[in-house]
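Just need the whole structure built from these sequences, with the hints factored in.
Residue 1479 in my numbering sits at position 13 of the sequence shown, with consecutive numbering throughout.
Among the hints, erroneous ones may be present.
[Stated by the list, open to error] When the alpha-carbon atoms are kept at most 25 Å apart in a straight line, the in silico SDA-like pairs for lysine to any residue are as follows:
hint, residue 1, residue 2
1, K1540, H1483
2, K1482, K1544
3, K1537, R1484
4, K1554, H1483
5, K1540, E1517
6, K1544, K1492
7, K1482, T1508
8, K1482, E1509
9, K1492, T1552
10, K1499, E1534
11, K1544, E1509
12, K1499, G1553
[As the list claims (entries may be wrong)] Now the in silico label distances, taken between C-beta atoms and shown as ranges:
hint, residue 1, residue 2, range
13, E1502, S1525, 28 to 36 Å
14, E1509, H1531, 17 to 25 Å
15, H1483, E1507, 17 to 25 Å
Since the hints were made in silico from the structure, they are not lab data.
C-beta atoms are modelled at their ideal positions from N, C-alpha and C, and glycine is treated no differently.
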Amino acid sequence: MQRQRASSFHPNAYLKHRRNVVDGLKARTKIIKMMENVDMETETTARMISEFVALGYHSSLHHLHLLEEEKIVKRSGKRPYKWTLTGKGQKGIIKDE
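Right, here's the structure in full:
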């Protein structure tokens, strides 16, 4: 089995208060990258996020709650909640090509 390089994970996918397992890092990286690329106008519900990143609904919701504890994402409105990035946390390194 080939190990994935640590640099391929989004910096905000790492949790401070939980153990960082590779599968969780992959899932949170997919969620964060998807949310960075979506318009702020778009309704980003847990169901929409789970379909877009090809994760189960409950898995996506679990990782959204973990990111919410770290103040990386926040939810607003009534059910179904709209999830947005807060802008807190580390930024990725931008490479000029």
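So, going through the hints one by one against the coordinates:
Our distance criterion of 25 Å between C-alpha atoms is met by K1540 and H1483, whose separation comes to about 18 Å. At roughly 28 Å between alpha-carbon atoms, K1482 and K1544 are farther apart than 25 Å, so this suggested pair is violated. Restraint check: the Cα-Cα separation between K1537 and R1484 comes to about 14 Å, which is no more than 25 Å; the hinted pair holds. As the CA atoms of K1554 and H1483 are separated by approximately 16 Å, the hinted pair is consistent with the 25 Å bound.
Between K1540 and E1517 the CA atoms are separated by roughly 19 Å; this keeps the pair inside 25 Å, and the hint holds. Straight-line distance between C-alpha atoms of K1544 and K1492 comes to about 28 Å, which puts the hinted pair past the 25 Å bound. The hinted pair formed by K1482 and T1508 fails the criterion: a straight-line CA distance of about 29 Å is larger than 25 Å. At most 25 Å may separate the alpha-carbon atoms for a hinted pair to count; K1482 and E1509 exceed this at roughly 28 Å.
Restraint check for K1492 and T1552: the C-alpha separation of about 20 Å stays at or below 25 Å, so the hint holds. For the suggested pair K1499 and E1534, the alpha carbons sit about 16 Å apart, so the restraint of at most 25 Å is met. Among the hinted pairs, K1544 with E1509 is consistent with the structure: their alpha-carbon atoms are about 12 Å apart, no more than 25 Å. A threshold of 25 Å between alpha carbons decides the hint, and for K1499 with G1553 the separation of about 13 Å falls inside it, so the pair holds.
Between E1502 and S1525 the CB atoms are about 20 Å apart, so this pair departs from the stated range of 28 to 36 Å. At roughly 19 Å, the beta-carbon separation of E1509 and H1531 lies within the given 17 to 25 Å, and the hint holds. In this structure, H1483 and E1507 break the distance hint of 17 to 25 Å, their C-beta atoms being roughly 32 Å apart.
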